[in-house]
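**Q** Sequence:
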Amino acid sequence: MTEVRGRAEVPVPVGIVQSHWHRVDSYPEFMRGVRGVYRDGGELTRWDVELPNGEHRELTVRVIPRERGISMSVVDGPRYEVVLLWRPLPNGRTRITWRVWAEPDSELGTPKDLALRFQGDLERFADRMVSLRGLRIDHGEAWLKDPCGGRQPVAL
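All you need for this note's numbering is the position in the sequence shown, starting with 1, plus 107.
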């Protein structure tokens, strides 16, 4: 599996970030290609997603909320895992660090496509959180982890 990493700073407090990421039913509001997320009970959710080829597919995804983050992994489809961690910054800001693991030839997209999509999701999330205050996300970057432990930037 290929690992893609990134981070962004969101101009809202960590408590707001946490409460919104723990509400999976709100994901379609800011995640491109996600048409609906429904709780099956416990950690399992059903996601109605649009694939890059335009087809729709329902996936079962395990979502595990944590105090300082959340992890998600597809249970019944292409190998795809996401971990988000958030940490408070000064002035009521939050840094979100994310990692995605996916097969290079996944039907969900290439690792670069996934990095671009996920960073865009974070920008839409930030815009949604602060739309009433007129603020925007300041900084975002993503990179592929190379086999030697370094990283290769992904142009956003």
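Just to be clear, a hint being listed does not mean it is correct.
Said to hold, decoys possible - Capping the alpha-carbon separation at 20 Å, the derived lysine to aspartate or glutamate pairs in DMTMM-like fashion look like this:
(1) K219 / E157
(2) K219 / E230
(3) K219 / E188
(4) K219 / D147
Honestly, the hints are just simulated from the structure, not real lab data.
**Q** Hint by hint, say whether it matches the structure.
**A** Evaluated hints:
no. : hint        : verdict
1   : K219 / E157 : holds, 17 Å
2   : K219 / E230 : holds, 17 Å
3   : K219 / E188 : holds, 15 Å
4   : K219 / D147 : violated, 31 Å
In summary, the one numbered hint that this structure violates is 4.
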